[in-house]
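**Student:** Sequence:
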Amino acid sequence: MAFRVFMAFAVFLIPGTMVFFGRLMMDHPPKTINAAYGYRTTMSMINQDTWDYAQAACAERWRRWGRVLALITLVVLIFALRRPAFADVLGIYTAFETAYLLASVAATEMDLRRTFDREGRRKA
1 MAFRVFMAFA VFLIPGTMVF FGRLMMDHPP KTINAAYGYR TTMSMINQDT
51 WDYAQAACAE RWRRWGRVLA LITLVVLIFA LRRPAFADVL GIYTAFETAY
101 LLASVAATEM DLRRTFDREG RRKA
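If you read the sequence shown in our numbering, its first letter stands for residue 1, the second for the next number, and so on.
Check each hint, because a few of them may be wrong.
[To be verified] Taking lysine to any residue and the SDA-like style, the derived pairs with C-alpha atoms no more than 25 Å apart in a straight line are:
| no. | residue 1 | residue 2 |
| --- | --- | --- |
| 1 | K31 | T41 |
| 2 | K31 | T94 |
| 3 | K31 | Y53 |
| 4 | K31 | R122 |
| 5 | K123 | T17 |
| 6 | K31 | T17 |
| 7 | K123 | V19 |
| 8 | K123 | F21 |
| 9 | K31 | F3 |
| 10 | K31 | F20 |
| 11 | K31 | M43 |
| 12 | K123 | E60 |
| 13 | K123 | D111 |
| 14 | K123 | A106 |
| 15 | K123 | A56 |
| 16 | K31 | K123 |
| 17 | K31 | D117 |
| 18 | K31 | F116 |
| 19 | K31 | T42 |
| 20 | K31 | A56 |
| 21 | K123 | R61 |
| 22 | K31 | V19 |
| 23 | K31 | A85 |
| 24 | K31 | F9 |
| 25 | K31 | G120 |
| 26 | K123 | A107 |
| 27 | K123 | I46 |
| 28 | K31 | R4 |
| 29 | K123 | I33 |
| 30 | K123 | A36 |
| 31 | K31 | M110 |
| 32 | K123 | D49 |
| 33 | K31 | A106 |
| 34 | K31 | T115 |
| 35 | K31 | V89 |
| 36 | K123 | R40 |
| 37 | K31 | F86 |
| 38 | K123 | P30 |
| 39 | K31 | F21 |
| 40 | K31 | G16 |
Because the hints were derived from the structure by calculation, they are not lab data. These numbers come from a predicted model, not from an experiment.
Based on the provided sequences and hints, a complete structural model is requested.
**Tutor:** Below you can see the structure in the form of structure tokens.
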């Protein structure tokens, strides 16, 4: 039973982290470009305008996508915990969650590239 509780907690780490940090970044976005806190990629750190845009876009996306992922995780968890090989199912599902998290980063990067050119100037 303890292992099932641990696995349930483990699969909620990624959606929980997305929702928590999405909300945190919405309420307290990093004001200046830094290497410690915020959405930090090469494109987002070009200038203050790209930085501010990336923080807002990533925060909103993580908050929304994290909630969706949490609901999906709950459904998967309900069905997976009934199976004898639930740990295998949840291990594979964690790979899906990781891909989902990376897709949110890719989507934010695409937003940045649609909005800004390579030098960080807004496209007309």
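**Student:** The structure should be examined with respect to each hint, and the outcome stated for every one.
**Tutor:** How the hints compare with the structure:
{"no.": "1", "hint": "K31 / T41", "in the structure": "16 Å, holds"}
{"no.": "2", "hint": "K31 / T94", "in the structure": "33 Å, violated"}
{"no.": "3", "hint": "K31 / Y53", "in the structure": "11 Å, holds"}
{"no.": "4", "hint": "K31 / R122", "in the structure": "19 Å, holds"}
{"no.": "5", "hint": "K123 / T17", "in the structure": "32 Å, violated"}
{"no.": "6", "hint": "K31 / T17", "in the structure": "21 Å, holds"}
{"no.": "7", "hint": "K123 / V19", "in the structure": "30 Å, violated"}
{"no.": "8", "hint": "K123 / F21", "in the structure": "29 Å, violated"}
{"no.": "9", "hint": "K31 / F3", "in the structure": "42 Å, violated"}
{"no.": "10", "hint": "K31 / F20", "in the structure": "19 Å, holds"}
{"no.": "11", "hint": "K31 / M43", "in the structure": "17 Å, holds"}
{"no.": "12", "hint": "K123 / E60", "in the structure": "22 Å, holds"}
{"no.": "13", "hint": "K123 / D111", "in the structure": "12 Å, holds"}
{"no.": "14", "hint": "K123 / A106", "in the structure": "19 Å, holds"}
{"no.": "15", "hint": "K123 / A56", "in the structure": "18 Å, holds"}
{"no.": "16", "hint": "K31 / K123", "in the structure": "23 Å, holds"}
{"no.": "17", "hint": "K31 / D117", "in the structure": "22 Å, holds"}
{"no.": "18", "hint": "K31 / F116", "in the structure": "19 Å, holds"}
{"no.": "19", "hint": "K31 / T42", "in the structure": "17 Å, holds"}
{"no.": "20", "hint": "K31 / A56", "in the structure": "11 Å, holds"}
{"no.": "21", "hint": "K123 / R61", "in the structure": "22 Å, holds"}
{"no.": "22", "hint": "K31 / V19", "in the structure": "20 Å, holds"}
{"no.": "23", "hint": "K31 / A85", "in the structure": "47 Å, violated"}
{"no.": "24", "hint": "K31 / F9", "in the structure": "33 Å, violated"}
{"no.": "25", "hint": "K31 / G120", "in the structure": "17 Å, holds"}
{"no.": "26", "hint": "K123 / A107", "in the structure": "18 Å, holds"}
{"no.": "27", "hint": "K123 / I46", "in the structure": "15 Å, holds"}
{"no.": "28", "hint": "K31 / R4", "in the structure": "41 Å, violated"}
{"no.": "29", "hint": "K123 / I33", "in the structure": "21 Å, holds"}
{"no.": "30", "hint": "K123 / A36", "in the structure": "28 Å, violated"}
{"no.": "31", "hint": "K31 / M110", "in the structure": "22 Å, holds"}
{"no.": "32", "hint": "K123 / D49", "in the structure": "12 Å, holds"}
{"no.": "33", "hint": "K31 / A106", "in the structure": "23 Å, holds"}
{"no.": "34", "hint": "K31 / T115", "in the structure": "20 Å, holds"}
{"no.": "35", "hint": "K31 / V89", "in the structure": "41 Å, violated"}
{"no.": "36", "hint": "K123 / R40", "in the structure": "21 Å, holds"}
{"no.": "37", "hint": "K31 / F86", "in the structure": "44 Å, violated"}
{"no.": "38", "hint": "K123 / P30", "in the structure": "24 Å, holds"}
{"no.": "39", "hint": "K31 / F21", "in the structure": "16 Å, holds"}
{"no.": "40", "hint": "K31 / G16", "in the structure": "24 Å, holds"}
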